[in-house]
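There are 2 protein chains.
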Amino acid sequence: MTHNRYVVILGCGRLGSYLANRLSRDGNSVVVIDKDEATFRNLSPDFSGFRVIGDAGHMAVLKEAKLKKADVLIATTREDNVNLMVAQVGRKIFGVPQVLARVFDPKREEVYAQLEIDTICPTSVAADIFLRAIANDAAKMRGKSS
Amino acid sequence: MTHNRYVVILGCGRLGSYLANRLSRDGNSVVVIDKDEATFRNLSPDFSGFRVIGDAGHMAVLKEAKLKKADVLIATTREDNVNLMVAQVGRKIFGVPQVLARVFDPKREEVYAQLEIDTICPTSVAADIFLRAIANDAAKMRGKSS
Chain A
1 MTHNRYVVIL
11 GCGRLGSYLA
21 NRLSRDGNSV
31 VVIDKDEATF
41 RNLSPDFSGF
51 RVIGDAGHMA
61 VLKEAKLKKA
71 DVLIATTRED
81 NVNLMVAQVG
91 RKIFGVPQVL
101 ARVFDPKREE
111 VYAQLEIDTI
121 CPTSVAADIF
131 LRAIANDAAK
141 MRGKSS
Chain B
1 MTHNRYVVIL
11 GCGRLGSYLA
21 NRLSRDGNSV
31 VVIDKDEATF
41 RNLSPDFSGF
51 RVIGDAGHMA
61 VLKEAKLKKA
71 DVLIATTRED
81 NVNLMVAQVG
91 RKIFGVPQVL
101 ARVFDPKREE
111 VYAQLEIDTI
121 CPTSVAADIF
131 LRAIANDAAK
141 MRGKSS
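Protein chains in written order, with full-length UniProt numbering: chain A, 1 to 146; chain B, 1 to 146.
Among these hints, one or two may not hold up.
You can't tell identical chains apart in this list, so a pair holds if it fits in one copy or across any two.
Unchecked claim - Listed below are the simulated SDA-like cross-link pairs for lysine to any residue, each with C-alpha atoms no more than 20 Å apart in a straight line:
{"no.": "1", "residue 1": "K92", "residue 2": "A60"}
{"no.": "2", "residue 1": "K68", "residue 2": "R132"}
{"no.": "3", "residue 1": "K66", "residue 2": "N42"}
{"no.": "4", "residue 1": "K69", "residue 2": "R108"}
{"no.": "5", "residue 1": "K63", "residue 2": "R22"}
{"no.": "6", "residue 1": "K69", "residue 2": "N81"}
{"no.": "7", "residue 1": "K69", "residue 2": "I53"}
{"no.": "8", "residue 1": "K92", "residue 2": "L43"}
{"no.": "9", "residue 1": "K107", "residue 2": "T39"}
{"no.": "10", "residue 1": "K66", "residue 2": "R132"}
{"no.": "11", "residue 1": "K63", "residue 2": "K92"}
{"no.": "12", "residue 1": "K107", "residue 2": "E64"}
{"no.": "13", "residue 1": "K107", "residue 2": "P45"}
{"no.": "14", "residue 1": "K107", "residue 2": "F40"}
{"no.": "15", "residue 1": "K107", "residue 2": "E79"}
{"no.": "16", "residue 1": "K92", "residue 2": "E116"}
{"no.": "17", "residue 1": "K66", "residue 2": "Y6"}
{"no.": "18", "residue 1": "K35", "residue 2": "R108"}
{"no.": "19", "residue 1": "K92", "residue 2": "N4"}
{"no.": "20", "residue 1": "K107", "residue 2": "N42"}
{"no.": "21", "residue 1": "K107", "residue 2": "G13"}
{"no.": "22", "residue 1": "K68", "residue 2": "D36"}
{"no.": "23", "residue 1": "K68", "residue 2": "A138"}
{"no.": "24", "residue 1": "K63", "residue 2": "Q88"}
{"no.": "25", "residue 1": "K63", "residue 2": "Q114"}
No wet-lab data here; the hints were simulated from the structure.
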């Protein structure tokens with residue numbers, strides 16, 4: 001796997017910090033942006049990247065994170081609109097090659113796709129896993145009764 | 001796939017309502033429990049199951065949902081403690097054969113496993129998908145430059 005990529009992560013909540021810790025440990029250069037400084041305690045002691053405190057809606061904050069240099073931008077906040085806006089800015093203004101965004105509302109996925117932003121909807125993913133588990137269990141029970 | 005199973009879903013938020021709509025459409029008997037009646041508008045117009053308004057911490061509410069008859073119990077609220085408690089009650093007191101729970105804090109997954117409750121942590125799942133997408137993109141880029 002290629003390491004040493006420059007990754008900017010928006011949001012240091014559960015998902016953002018998990019990714020930051022993991023990508024940092026794997027040898028990538030990681031910058032995490034969050035407007036709430038308290039979220040940075042989600043980072044592990046061996047996190048070797050940078051922390052930027054600020055509102056990602058401000059160009060100055062994105063510049064401080066050196067978004068222009070980024071190979072990857074990941075928008076992980078709990079707000080779809082924030083993720084969409086910053087992802088677009090990253091793609092169109094800063095020319096980031098790979099942009100990924102978390103999107104809670106599955107109906108928005110189409111908009112993101114048209115803007116060439118890769119999305120993941122945790123709700124759909126979780127639902128699919130639950131449905132598979134139920135189907136597998138049903139299959140097992142059929143096996144037993146036959 | 002076996003249809004016509006009796007499924008009780010705790011929580012009618014994004015995940016709970018998605019599962020309820022899907023499982024109802026597939027021909028299962030579905031009961032959704034939520035203490036907030038407003039969440040039921042997440043159910044689609046063709047949802048053919050039952051709605052129970054109430055706190056799942058009360059036995060009367062679980063009895064009203066006929067949990068004893070259930071083939072499957074899925075706990076989907078945003079609160080790990082609520083999901084764990086109701087999942088345990090479903091397994092131990094009502095003898096539900098399959099119990100699934102959403103868990104936000106990955107550290108709690110071990111506790112659930114010991115209680116024989118299947119869990120899914122949307123944060124871990126989403127993170128893994130993001131990490132795979134980044135790794136794939138890196139592989140593509142290496143392919144181009146070689």
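Out of the numbered hints, which ones does the structure contradict?
-> Numbers 2, 3, 4, 5, 6, 8, 10, 12, 18, 19, 22 and 25, in rising order.
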